[in-house]
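**Student:** Take a look at the letters that make up each chain.
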Amino acid sequence: MLAFTAKRLGIALLVALTVSLITFSMIYVSGDPAIAIAGEGARAQDIEAIRKFYGFDRPILEQYFSWLGGALQGDFGRSFTLRQPVADVIAARLPVTITLGALAIAFALLLAIPLGVLAAVRPNSIADRFALTVAVVGQAMPTFWFALTLILWLGVYWRLLPITGSDSWLNFIMPAIALGYYVTPAIMRLTRAGVLEVLSSDYIRTARAKGLRPMTVLFKHALRNAIIPVVSLAAVQFGFMLGGSIVIETIFQINGLGYLAWESIQRKDLPTMQAIVLSLSVIYVLLTLVADLLNAFLDPRLRVT
Amino acid sequence: MSERVLTVEAMQVDLPLAAGTLHAVQGVSFHVDRGETLCIVGESGCGKTLTALAVMDLLPSAARRTAARLELNGQDLAGLGERAIADIRGNRMAMIFQEPMTSLNPAYTIGNQLEEALLRHRPVSRKQARERALYLLDRVGIPSAAGRLKQYPHQLSGGLRQRVMIAMALMCGPSLILADEPTTALDVTIQAQILHLLAELQREFAMGLVLITHDLGIVARIATRVAVMYAGQVVEMGTAQAIFSAPSHPYTRGLLDCIPVPGKTRRGEKLGTIPGMVPSLIGLMHGCRFAGRCPYVVEACRQSEVPLAPGQAPDHLVRCIRHAELGGLAAHAARAVAS
Amino acid sequence: MVETGLVRAGIPTAAEILAPSPAAVLRRRALRHWGLLIGGTILAIIIVMALLAPIISPFDPYDQQLGRKLIPPIWHASAKATWVHPLGTDHLGRDYLTRLLYGAQISLLIGVSAMLISGVIGTTIGVLAGYFGGRVDMVVNFIVTTRLSMPVVLVALAVVSIIGSSLTVVIWVLGLLIWDRFAVVMRSATQQVRVREFITAAQAVGCSTPRILLTEVAPNVVNHLIVVATLEMAHAILLEAALSFLGLGVQPPTPSWGLMISEAKGLMFFDPWLITIPGVALFLLVLSINMLGDGLRDVTAPENRN
Numbered sequence: 001m002l003a004f005t006a007k008r009l010g011i012a013l014l015v016a017l018t019v020s021l022i023t024f025s026m027i028y029v030s031g032d033p034a035i036a037i038a039g040e041g042a043r044a045q046d047i048e049a050i051r052k053f054y055g056f057d058r059p060i061l062e063q064y065f066s067w068l069g070g071a072l073q074g075d076f077g078r079s080f081t082l083r084q085p086v087a088d089v090i091a092a093r094l095p096v097t098i099t100l101g102a103l104a105i106a107f108a109l110l111l112a113i114p115l116g117v118l119a120a121v122r123p124n125s126i127a128d129r130f131a132l133t134v135a136v137v138g139q140a141m142p143t144f145w146f147a148l149t150l151i152l153w154l155g156v157y158w159r160l161l162p163i164t165g166s167d168s169w170l171n172f173i174m175p176a177i178a179l180g181y182y183v184t185p186a187i188m189r190l191t192r193a194g195v196l197e198v199l200s201s202d203y204i205r206t207a208r209a210k211g212l213r214p215m216t217v218l219f220k221h222a223l224r225n226a227i228i229p230v231v232s233l234a235a236v237q238f239g240f241m242l243g244g245s246i247v248i249e250t251i252f253q254i255n256g257l258g259y260l261a262w263e264s265i266q267r268k269d270l271p272t273m274q275a276i277v278l279s280l281s282v283i284y285v286l287l288t289l290v291a292d293l294l295n296a297f298l299d300p301r302l303r304v305t
Numbered sequence: 001m002s003e004r005v006l007t008v009e010a011m012q013v014d015l016p017l018a019a020g021t022l023h024a025v026q027g028v029s030f031h032v033d034r035g036e037t038l039c040i041v042g043e044s045g046c047g048k049t050l051t052a053l054a055v056m057d058l059l060p061s062a063a064r065r066t067a068a069r070l071e072l073n074g075q076d077l078a079g080l081g082e083r084a085i086a087d088i089r090g091n092r093m094a095m096i097f098q099e100p101m102t103s104l105n106p107a108y109t110i111g112n113q114l115e116e117a118l119l120r121h122r123p124v125s126r127k128q129a130r131e132r133a134l135y136l137l138d139r140v141g142i143p144s145a146a147g148r149l150k151q152y153p154h155q156l157s158g159g160l161r162q163r164v165m166i167a168m169a170l171m172c173g174p175s176l177i178l179a180d181e182p183t184t185a186l187d188v189t190i191q192a193q194i195l196h197l198l199a200e201l202q203r204e205f206a207m208g209l210v211l212i213t214h215d216l217g218i219v220a221r222i223a224t225r226v227a228v229m230y231a232g233q234v235v236e237m238g239t240a241q242a243i244f245s246a247p248s249h250p251y252t253r254g255l256l257d258c259i260p261v262p263g264k265t266r267r268g269e270k271l272g273t274i275p276g277m278v279p280s281l282i283g284l285m286h287g288c289r290f291a292g293r294c295p296y297v298v299e300a301c302r303q304s305e306v307p308l309a310p311g312q313a314p315d316h317l318v319r320c321i322r323h324a325e326l327g328g329l330a331a332h333a334a335r336a337v338a339s
Numbered sequence: 001m002v003e004t005g006l007v008r009a010g011i012p013t014a015a016e017i018l019a020p021s022p023a024a025v026l027r028r029r030a031l032r033h034w035g036l037l038i039g040g041t042i043l044a045i046i047i048v049m050a051l052l053a054p055i056i057s058p059f060d061p062y063d064q065q066l067g068r069k070l071i072p073p074i075w076h077a078s079a080k081a082t083w084v085h086p087l088g089t090d091h092l093g094r095d096y097l098t099r100l101l102y103g104a105q106i107s108l109l110i111g112v113s114a115m116l117i118s119g120v121i122g123t124t125i126g127v128l129a130g131y132f133g134g135r136v137d138m139v140v141n142f143i144v145t146t147r148l149s150m151p152v153v154l155v156a157l158a159v160v161s162i163i164g165s166s167l168t169v170v171i172w173v174l175g176l177l178i179w180d181r182f183a184v185v186m187r188s189a190t191q192q193v194r195v196r197e198f199i200t201a202a203q204a205v206g207c208s209t210p211r212i213l214l215t216e217v218a219p220n221v222v223n224h225l226i227v228v229a230t231l232e233m234a235h236a237i238l239l240e241a242a243l244s245f246l247g248l249g250v251q252p253p254t255p256s257w258g259l260m261i262s263e264a265k266g267l268m269f270f271d272p273w274l275i276t277i278p279g280v281a282l283f284l285l286v287l288s289i290n291m292l293g294d295g296l297r298d299v300t301a302p303e304n305r306n
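Residue numbers (my numbering), protein chains in the order written: chain A, 1 to 305; chain B, 1 to 339; chain C, 1 to 306.
The set of hints was computed from the structure by calculation and includes no laboratory data. Relax, there's no trap hidden among the hints.
To spell it out: a stretch of chain B is covered by chain A in this simulated footprint if at least three of its residues, at any positions, have a beta carbon under 8 Å from a beta carbon of chain A; those stretches are:
hint, region
1, 104–114
2, 152–166
Short derived list, chain A residues pointing at chain B, Cβ under 7 Å:
hint, residue
3, Thr206
4, Lys210
5, Gly211
6, Leu212
7, Pro300
Here a beta-carbon is modelled for each residue, glycine too, at the ideal position from N, C-alpha and C.
Take these sequences, add in the hints, and give me the full structure.
**Tutor:** Have a look at this one:
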C-alpha cells in the first residue's frame, strides 16, 4: 500500500511541476507580459514600472524559479493592481469556492446515485427512462443559462431564494444546483452502468442464494462494488467544478476564487490569474491522487499494486 | 427409513425470447432423500442448471417456472412468496456454483461473508457466527482457518474458494444442497478432493445432495441415483448401478460409448460419438427430442410425446418407446466404468 | 464469418457474399434507433436553417433599429408583437430571428473547427500511444494527465484575455485544450485493435507502420472517432457559449448565442424571451449532437454503452 501511494505521489509531483511550467509561461503567450498587464494605450513609463515591479526584466529561468520557490512557500508575491499579497486574497476566497463546489457535488450525488440505482434495478422501465432523460437534459443545457433560468423562476417569479451575494447558506442553493446539475449525468450513468453490471455478477447470485434480503443484496453487496468508480469520478468532478465555478460565481456574485479570476481578467491582473490557475491545478492533482487512493481503499484487490 | 428431502414434479421453465418461447425445462420430475446423492447429467444447454436454479427460485426475472409439486421436506415451495423463499434459501437448502473465482464478493472478508449467511437466518451473536464459521472452515479442510477469516477472496486459490463456498452453504445446516458443476473449474487433483469432501459432509450431516455435472466419471464416483437430461427433459432416471450396467435410453448409451476404457478400448479405435446437434427448444415440439440423432429411431418416435415410463425395474425410468426391445443390448463400456 | 465492425482484407467466403454487408447492417440498425434519428433530424434542420439564413430572414443581424427595440416575439399577448419580427427584437432593435440564425452559423463553425483541431491532436497522440505502448504510452499518459489537471475554462479565459479575443482565437484556444477525450478514447480503441491477429499478420508480411496504421488500424477505430467527435463538438459549442457569455469569446456585434444571452442578462427580468430563445437554441443544438453521437455509438459498438 505504501509503495502504491509513493508511486502515485511521485507522478502527482511531476504533473504539478509541469503544470507550474505551463502556468508560468502562460503570461508570455503574447510576448511581453508587462504590456499585456498595462493594457492598450499605456504610457511607456507605466509599462516600465510594471516590468520592474514584477521582475519581468530578469532572465526567464530566474523568474520561474523565484516564482516557483515563492509559490511553494505560499507566497505569490504582491499584485500590482490589488496592492496586496496575492496569496492572502486567494486564501480568503478559496473556502467560498470549495464550499460551493462541495454543495454542488453533494447535490449531484444525492440526485445521481439514487436515480442511477433505480434505473439499474428496473432497466428500461419508466424510472430508467426518466433517469436517462435527466442525464440527457443535464448534458445539453448550458450551465449559465440554467443558472439564469433558475434565478428567473426560483428567485424572481416564485421568490423562494435570494439571487445574489454570499451571506447565508440560502445563497448557495441555486448556485449549487446550477453547478452540480452539469456533472449529474456522468455520475448517474456511471452508477447505472456499474450497478447493472454488478447485479449480473456471480457474487450477487451467491448473496441471493444465501437468502439475503433484496435490500441487503443491493446495498451491502452490489452498491459497495458499483460505487467504487463513482467515488473517484466524483472526486475528479469536484475538481472540475472548482475550475468551472467562474461562470456561476459571476452570475450569482459569490465572492469565490472564480469571481476573483473574473475580476483579475477584467483588471488584466495576470499574476493573480497565474496564481489562481496554479492553485486550482495543484488541487486537481491532489484530488486525482485522493481519487486513486479512495479507489484502492474501497477495492481490496487494488491494494497490491 | 429415508426421509424425502426434495420432491419435484412436472417442473417447467420457459424463457420468452424474441424468436418465441424457449422451453428450457420440460416436465422434469425427480426426488432426493436424506443421505442420497442424485446426479443430474447432461450436456451443456440441456437445462440441468436451470432446473437447480428453478428449485432455488434463482431464475432470471424473465423466466417463468411452473410445477405440479415442488416440496422441500414436505413443505410446498412453489406457492411461496419472495420473502418466504428468501427465508428458506441459504437456510434449509443451499447452492454451490461452478465458478469459485467470481462467486465471492471481493469487497468483504471471507469471515464477513460466512457469518452473514448464519446471521441472516438465526438469532445468534456475531461471536457465535464466527465460531461456526471457524468450525466449518476447518471441517472443509482449510488450514489456519482463523487467519483466513480476515482474508479477502482474491487472496485465496480457486480450490480454497470452493471450499469456502461449501462451508458457506453449510452454515445453517441445510437438509438439501444443490451443487452445480462444483469441480468443473478446478484442477483434476483438487476435483477429487472436493468430491470426497462433499461425500463426507453429506454423510456426516445427513443431507440430500443434488450434483449437476456433465462428467460421467464424477457420476460413477459419487452418485446414488442418476437423472440423465437431454433437451430439457429427463430421459432416463434410476440408481447409479442400473444406469451404468443397463443403460436403456439410446442417449445414455451414446454418452457411455464416448468414454474410452483403459484396457478395453483398442489403440486407434474411434471413440463413440453422437452425430447431430441438440434441437432447438424454441416453440412447439412433438415427438422424441432425440429422434434426430438416435441410431434406433423409427417413424413412431416422432409422432407423439414420449412419456417417462418404468423400464427394466420399477424405479428405473426411461423415455423411449423402444426401450424394451433395445434392452438386450449391453454397453460393455458402461460396466467397465462402473467397476 | 462476417464480423460487423471489423474490416478484413481477403477473399470472401460464400457466407460473406450472401450475408448483408457491414454497411447494410449498420444502416438498418441506424434507421431503427430513434435517438439517432431524432438527433440527426434536428441537427440537420439546424444546419439547413443556418445555411439558408439569408433566405429565411431578410434582415441584417448587425442592423440596429433603435426605434424598434425590444419588440416581444409573436406569441406574446402584447400589441407590439408583429410577424415582421416573429422572434422579436433585442435591445438594439436587431431582429432576433436573424441573430439566432447567424448565431447558429457561428456555433456550428466553432463546433466543427475546434472539434477538427482537437481531433487531430488527440487522435494522433492517442493512436500512437495505443499502438506503440511502452514509453510512448507513458509519455502520452503523462501529457493527458497534465492537461486534465488544468482548469480549461480559466486557462482559456486567461489566454484569450492576454491575446485578445476573436472568432479565430476562440477556435484555436478551444481546439488546443479539449483534445483529451480524443486521446483517451482513441488510445483505448487502438489498444483493442492492436492485439488482433490481422495486425500481427500485416507486420509479419512486412507492412510498414504508417501503412498498417492507415489500412488496418484506422478503419477499425473510426467508429469510436466519430462518436467522440460529435460529443466534443457539442462540448466546444458549450464552451464557446460560456466564453462569449463572460465576454471573452466572440466579440459584439457578432451574433453568438452565448453573447446574446449575456447582452440580455440585465433585461431578463422584463423580457425573459431574450435569454430563453438563444438558450433553447443552444440546448437543442447540443442535445441533437449528443443524441446523434450516442446513437452512433449504440449502432456501431453497442457493447461500449455506458
